[in-house]
Amino acid sequence: MAQETPKDNAGFTLPAPASTPADASASVPAASATTASVEAPATLDPASATDTSARDTLIGGAVLLVLFIAFFFAKNAYANGLVAKRLPPNKANASGWWLFIFLASLATAVVLAAVNAHKFLAPLFMGPLLLVGLVALVLTFTSSRN
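Residue numbers (the working numbering): 61 to 206.
Heads up, none of these hints are tricks.
Between beta-carbon pairs, the in silico distance windows are: (1) D116 with R146: 43 to 53 Å; (2) D116 with M186: 12 to 22 Å; (3) L191 with V143: 24 to 34 Å; (4) D111 with N140: 36 to 46 Å; (5) H178 with K145: 41 to 51 Å; (6) D111 with V143: 43 to 53 Å.
If you're looking for bench data, these hints aren't it; they were derived computationally from the structure.
Where is the CB? At the ideal position from N, CA and C, for every residue including glycine.
All chains should be modelled from the sequences, with the hints used to inform the complete structure.
Printed below as a string of structure tokens:
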């Protein structure tokens with residue numbers, strides 16, 4: 061009697077159980093039983109196990125693009141608010157751009173960490189991003205003074 065593979069409600073085939081019942085193991089030929097117990101060799105390269113898929117990279121890039129557009133509008137609103145407080149337009153615009161750079165570097169660091177934390181949380185990636193963000197934050201407020 062042939063055993064059917066179980067299906068879930070959506071019609072997809074479910075994986076076979078990890079252990080076979082005792083009566084079913086008697087009908088399995090000896091050659092297939094020995095090949096089934098051989099495990100695949102473990103990979104020695106940790107980077108291959110944590111490789112970023114193209115889908116994750118594309119989603120991260122799309123999120124960054126949307127955030128950059130939102131940050132651009134925030135930059136304009138911040139600069140217009142400073143002009144309303146009687147700051148010269150060139151200083152207000154410079155301060156707005158520093159705010160944009162700060163927000164963009166912070167968002168880039170967060171998105172890279174979300175896409176592949178093992179690879180992108182290294183000091184080689186996060187150090188320059190956070191340093192640029194810190195400098196931009198300081199310059200945001202120092203350039204907005206009279």
